[in-house]
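Construct the complete structure from the given sequences, taking the supplied hints into account.
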Amino acid sequence: MSGVVGTAMRRVDAAEKATGAARFTGDLALPGLLCGKVLRSPFPHARLVRVDTSAAERMPGVRAVLTGGDLADLDPYYGHAIKDRPIVALERVRFIGEPVAAVAADDEAAAEEALRAITVEYEELPAVTVLGEALAAGAPRVHEGPLRPGLFHGLGDLRREEGNICYHYHFARGDLESAFAASDVVVEGEYTFPAVYQYAMEPHTVIAQWGESEITVWASCQHPYLVRAELADLFRVPLSAVRVIVPYVGGGFGSKSYTKMEPLTVALARKARRPVRIANSIEEAMVTTRRHNMRCWMRTGATRDGAVVARQCRIWLDTGAYADNGPRVAATAGDAAPGAYRWRAVGVDAWAVYTHTPPAGSYRAFGAAHMAWIGESQIDALARRVGLDPLEFRRRNLLRPGEEVRPGGKPLDADLVGDVTKVAAAVGWGTPKPPFVGRGVGVGLLAAGAQPVSTAVLRLQADGTVVLLVSTTELGQGARTAFTQIVADELGVPPSRVRVAGADTQVTPFDRSTGASRSTTLAGTAVQRASADLRGQLLEIAKRVWGLPLSALTVRDGAVWHETDALPFPELLARHFGMVGGELIGRGEVRPERGSGSYAEGPVFWEVCVGGAEVHVSPETGQIRVRRLASVADVGKAINPQLVEAQDEGASLQGLGNTLFEEMIFENGQLMNGSLLDYHVPTTADLPDAFHTIIVENGDGPGPYGAKGVGEGALAAVPAAIVNALADLGLEIRDLPVTPERVLRCLGVLGAPAGTGGAAP
Amino acid sequence: MAPQGGEVAPRRELALIVNGRPAVARIEPRELLLDFLRNRLGLTGAKRSCDVQVCGACTVLVDDRPVSACCFLAYEARGRQVTTIEGLAEAGHLHPLQEAFIEHGAIQCGFCTPGMILTALTLLREVPTPSPDQVRTYLKGSLCRCTGYWKIIDAVVDAGRRMARAEAARR
Numbered sequence: 009m010s011g012v013v014g015t016a017m018r019r020v021d022a023a024e025k026a027t028g029a030a031r032f033t034g035d036l037a038l039p040g041l042l043c044g045k046v047l048r049s050p051f052p053h054a055r056l057v058r059v060d061t062s063a064a065e066r067m068p069g070v071r072a073v074l075t076g077g078d079l080a081d082l083d084p085y086y087g088h089a090i091k092d093r094p095i096v097a098l099e100r101v102r103f104i105g106e107p108v109a110a111v112a113a114d115d116e117a118a119a120e121e122a123l124r125a126i127t128v129e130y131e132e133l134p135a136v137t138v139l140g141e142a143l144a145a146g147a148p149r150v151h152e153g154p155l156r157p158g159l160f161h162g163l164g165d166l167r168r169e170e171g172n173i174c175y176h177y178h179f180a181r182g183d184l185e186s187a188f189a190a191s192d193v194v195v196e197g198e199y200t201f202p203a204v205y206q207y208a209m210e211p212h213t214v215i216a217q218w219g220e221s222e223i224t225v226w227a228s229c230q231h232p233y234l235v236r237a238e239l240a241d242l243f244r245v246p247l248s249a250v251r252v253i254v255p256y257v258g259g260g261f262g263s264k265s266y267t268k269m270e271p272l273t274v275a276l277a278r279k280a281r282r283p284v285r286i287a288n289s290i291e292e293a294m295v296t297t298r299r300h301n302m303r304c305w306m307r308t309g310a311t312r313d314g315a316v317v318a319r320q321c322r323i324w325l326d327t328g329a330y331a332d333n334g335p336r337v338a339a340t341a342g343d344a345a346p347g348a349y350r351w352r353a354v355g356v357d358a359w360a361v362y363t364h365t366p367p368a369g370s371y372r373a374f375g376a377a378h379m380a381w382i383g384e385s386q387i388d389a390l391a392r393r394v395g396l397d398p399l400e401f402r403r404r405n406l407l408r409p410g411e412e413v414r415p416g417g418k419p420l421d422a423d424l425v426g427d428v429t430k431v432a433a434a435v436g437w438g439t440p441k442p443p444f445v446g447r448g449v450g451v452g453l454l455a456a457g458a459q460p461v462s463t464a465v466l467r468l469q470a471d472g473t474v475v476l477l478v479s480t481t482e483l484g485q486g487a488r489t490a491f492t493q494i495v496a497d498e499l500g501v502p503p504s505r506v507r508v509a510g511a512d513t514q515v516t517p518f519d520r521s522t523g524a525s526r527s528t529t530l531a532g533t534a535v536q537r538a539s540a541d542l543r544g545q546l547l548e549i550a551k552r553v554w555g556l557p558l559s560a561l562t563v564r565d566g567a568v569w570h571e572t573d574a575l576p577f578p579e580l581l582a583r584h585f586g587m588v589g590g591e592l593i594g595r596g597e598v599r600p601e602r603g604s605g606s607y608a609e610g611p612v613f614w615e616v617c618v619g620g621a622e623v624h625v626s627p628e629t630g631q632i633r634v635r636r637l638a639s640v641a642d643v644g645k646a647i648n649p650q651l652v653e654a655q656d657e658g659a660s661l662q663g664l665g666n667t668l669f670e671e672m673i674f675e676n677g678q679l680m681n682g683s684l685l686d687y688h689v690p691t692t693a694d695l696p697d698a699f700h701t702i703i704v705e706n707g708d709g710p711g712p713y714g715a716k717g718v719g720e721g722a723l724a725a726v727p728a729a730i731v732n733a734l735a736d737l738g739l740e741i742r743d744l745p746v747t748p749e750r751v752l753r754c755l756g757v758l759g760a761p762a763g764t765g766g767a768a769p
Numbered sequence: 017m018a019p020q021g022g023e024v025a026p027r028r029e030l031a032l033i034v035n036g037r038p039a040v041a042r043i044e045p046r047e048l049l050l051d052f053l054r055n056r057l058g059l060t061g062a063k064r065s066c067d068v069q070v071c072g073a074c075t076v077l078v079d080d081r082p083v084s085a086c087c088f089l090a091y092e093a094r095g096r097q098v099t100t101i102e103g104l105a106e107a108g109h110l111h112p113l114q115e116a117f118i119e120h121g122a123i124q125c126g127f128c129t130p131g132m133i134l135t136a137l138t139l140l141r142e143v144p145t146p147s148p149d150q151v152r153t154y155l156k157g158s159l160c161r162c163t164g165y166w167k168i169i170d171a172v173v174d175a176g177r178r179m180a181r182a183e184a185a186r187r
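Residue numbers (my numbering), protein chains in the order written: chain A, 9 to 769; chain B, 17 to 187.
Source of the hints: derived by calculation from the structure; they are not laboratory data. Heads up, some of the hints might be wrong.
Said to hold, decoys possible - Computed list of lysine-lysine pairs in DSBU-like fashion (alpha-carbon distance at most 35 Å, straight line):
id, chain 1, residue 1, chain 2, residue 2
1, A, 441, A, 430
2, A, 418, A, 430
3, A, 645, A, 418
4, A, 441, B, 156
5, B, 156, A, 430
6, A, 430, A, 645
Rendered as structure tokens:
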């Protein structure tokens with residue numbers, strides 16, 4: 009062991025990124041590369057009467073104009089969960105911003121001029137642009153007919169429900185009515201969560217090339233293998249005829265999960281017979297995917313001596329015009345709704361609902377970020393009602409390791425009581441508070457890991473260096489660095505002798521996805537197993553060379569050792585192959601260890617969401633200042649503590665933005681703040697006065713060395729902690745973001761809350 | 017019908033110094049400095065993100081002052097000195113700011129990094145050893161969605177101290 013696991017080793021990609029040498033999809037140059045631009049719908053719901061591209065096609069520099077008419081030879085629908093989305097609008101448009109046509113031209117100016125020359129005749133249709141309209145009886149349908157399951161739906165039975173319901177997730181245990189009847193105190197409320205923009209700084213960017221024998225795609229995508237599968241399915245070619253290459257990705261946060269702009273770019277390249285790049289602007293990225301806005305009704309009951317009894321919850325998530333990852337978001341929100349408590353009875357219903365708005369999909373900590381603050385605010389309300397300190401109330405009621413979280417799912421695998429005690433101490437729990445200062449904690453669980461399928465290949469070269477092939481995409485999380493550390497320790501080589509290749513489906517082996525906090529845990533295990541496989545081969549060769557038993561051999565410092573004799577890896581390879589060449593190949597695989605690995609039997613692990621906040625509220629202006637913020641990164645084992653902190657710090661600030669000001673504002677389906685001038689992304693001016701990450705290493709994760717994932721939990725914990733810190737000051741928050749205006753309404757300065765609370769439909 | 021691409025106005029000659037080397041091209045008057053650097057010179061370190069001077073990802077230095085290259089006409093840079101992230105390391109040696117960003121883990125996806133480092137460089141020229149609060153205030157026009165900024169602030173403070181020490185040692 010060279011001993012780099014557990015250290016804050018420098019990122020392997022840092023120097024490239026510090027010098028501007030790192031290449032992102034938008035930085036690549038290809039011979040003959042065309043610029044692609046997209047014409048988008050100005051109506052939330054309309055019939056396409058006529059699309060006339062003839063003038064655009066005649067313009068200088070224009071190489072291809074794509075419309076729905078070009079897709080007649082295909083079944084042009086995709087969607088990993090539900091195949092509901094056409095590559096480009098066919099007979100109708102379903103949201104403002106839906107692609108109606110696309111142009112490939114020699115340069116950007118020519119492409120933009122050509123877009124202006126396309127005439128589209130629309131017949132406007134009645135639209136449902138908010139949840140209430142979509143759920144009303146007799147509402148116009150966003151999609152007619154049966155829903156077709158996508159390639160990776162993992163949703164069990166895909167029943168079509170009435171109206172605009174895209175997916176319904178339900179579970180229940182115990183007798184709810186008798187449990188609530190047995191509760192001495194019950195709190196109940198209606199809540200809303202806004203649509204939020206992920207803002208990966210690099211907007212979605214795709215290059216597609218339609219070759220004789222291969223479709224090649226360079227994409228800023230998180231899950232190259234799932235994109236490959238959808239492209240192969242759409243364009244009716246074998247999987248092996250689609251090659252997806254992922255350069256460095258400028259942030260993902262879920263916005264680049266699954267398939268986004270890739271099918272449209274490939275279709276345009278197919279028509280142009282030239283490589284084409286489509287690069288979204290920020291406004292286009294905002295209508296490509298977003299976080300689900302939500303309404304929720306929840307009630308929670310407890311006994312007067314402070315034991316939780318029952319919780320019931322109904323959740324409506326606005327998934328926009330196409331399902332994208334909406335069904336999974338609904339299921340994860342459902343899983344997060346009970347929180348980490350011991351219920352006598354629990355019942356959860358979560359619906360993903362179609363509306364005529366831009367599609368909503370994954371955004372960091374989805375489901376848990378939606379739900380933790382609601383459930384936790386009811387826990388605090390109950391604690392106050394029964395006269396218990398909220399921290400003490402949690403200590404009494406939180407699940408202990410091994411207890412059931414959700415019927416049929418993985419039992420709890422974390423010490424939540426220890427975690428929340430640490431975080432409370434970090435924000436000064438129990439110490440005197442200045443005026444207008446409140447403190448709160450939040451605890452939640454996030455179903456993490458997605459499907460447990462990952463593979464890795466390790467190639468030991470003749471000079472003793474190692475190339476790791478793994479399809480985890482480098483989004484900034486530092487996966488290449490963590491993997492380098494694992495390989496270095498497992499093979500006893502310095503990190504400088506390890507090279508991690510970028511994801512390329514023609515070269516790097518299958519990985520299900522990069523998201524759900526899964527890469528260190530799952531791909532990391534595949535990497536560890538590939539290393540062990542390679543180590544085993546080296547030992548076998550040394551055993552033959554020396555004629556010694558395996559028990560007499562060890563691997564360290566780039567060699568196999570017997571006492572003080574060493575056979576360096578290059579020499580072992582030379583002995584094995586009889587030349588200075590050849591290579592040894594290690595294989596590592598992760599697949600479900602029991603059952604099917606389905607979501608229902610999951611999750612792979614429960615990601616811990618535990619945070620604390622101390623806030624100051626100005627009674628005059630309603631401004632909230634976060635004085636102290638703390639988060640627990642309960643990671644089992646920190647392969648690289650600096651990367652763990654970095655994940656936690658980033659997620660916390662996103663959590664702060666999601667709580668206090670981030671919101672996509674729609675009017676009649678039109679995004680009103682589709683620019684960073686109007687959409688507020690947190691800056692250094694928004695930082696809390698102090699922030700503290702507490703790394704907890706209990707070795708209780710399923711990954712290498714007991715590791716489990718990090719990076720999402722804080723985004724769910726921070727809203728809960730801030731909302732409870734405000735509740736500590738008597739402010740009952742039912743709607744995010746908590747703007748100064750809402751604070752003043754809560755304080756009675758601006759009168760009663762108006763139009764909030766999101767009445768359950 | 018709208019004027020067609022490429023025929024809006026006659027091209028003009030642009031001569032400037034980029035990272036210490038002369039660059040000459042015939043450009044359209046509307047060409048942005050960001051496109052000029054990225055497309056004509058292949059200097060792709062400066063990134064396009066917000067397009068409205070909010071995010072700072074496209075920041076480059078023009079005569080040592082930070083500008084948003086996404087909103088700055090290339091022609092406005094005629095006869096001036098432009099520095100991009102590619103011009104920061106000298107003779108293969110990373111600039112102390114680059115070193116500090118790497119060491120403090122201030123880099124994640126890397127998309128904001130070039131602009132962030134160049135913006136921080138102008139701060140260190142104005143205030144050689146800034147406090148964390150001064151860094152916080154100065155960097156509020158540079159967005160980063162990955163890091164939560166803490167490690168960036170640490171890196172800039174540390175780089176200032178290192179550069180001051182090196183300067184003191186030289187004297």
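Quick rundown of the hints versus the structure:
{"no.": "1", "hint": "A:441 / A:430", "result": "19 Å, holds"}
{"no.": "2", "hint": "A:418 / A:430", "result": "25 Å, holds"}
{"no.": "3", "hint": "A:645 / A:418", "result": "20 Å, holds"}
{"no.": "4", "hint": "A:441 / B:156", "result": "30 Å, holds"}
{"no.": "5", "hint": "B:156 / A:430", "result": "31 Å, holds"}
{"no.": "6", "hint": "A:430 / A:645", "result": "17 Å, holds"}
Consistency with the previously given hints is maintained throughout, with no hint failing.
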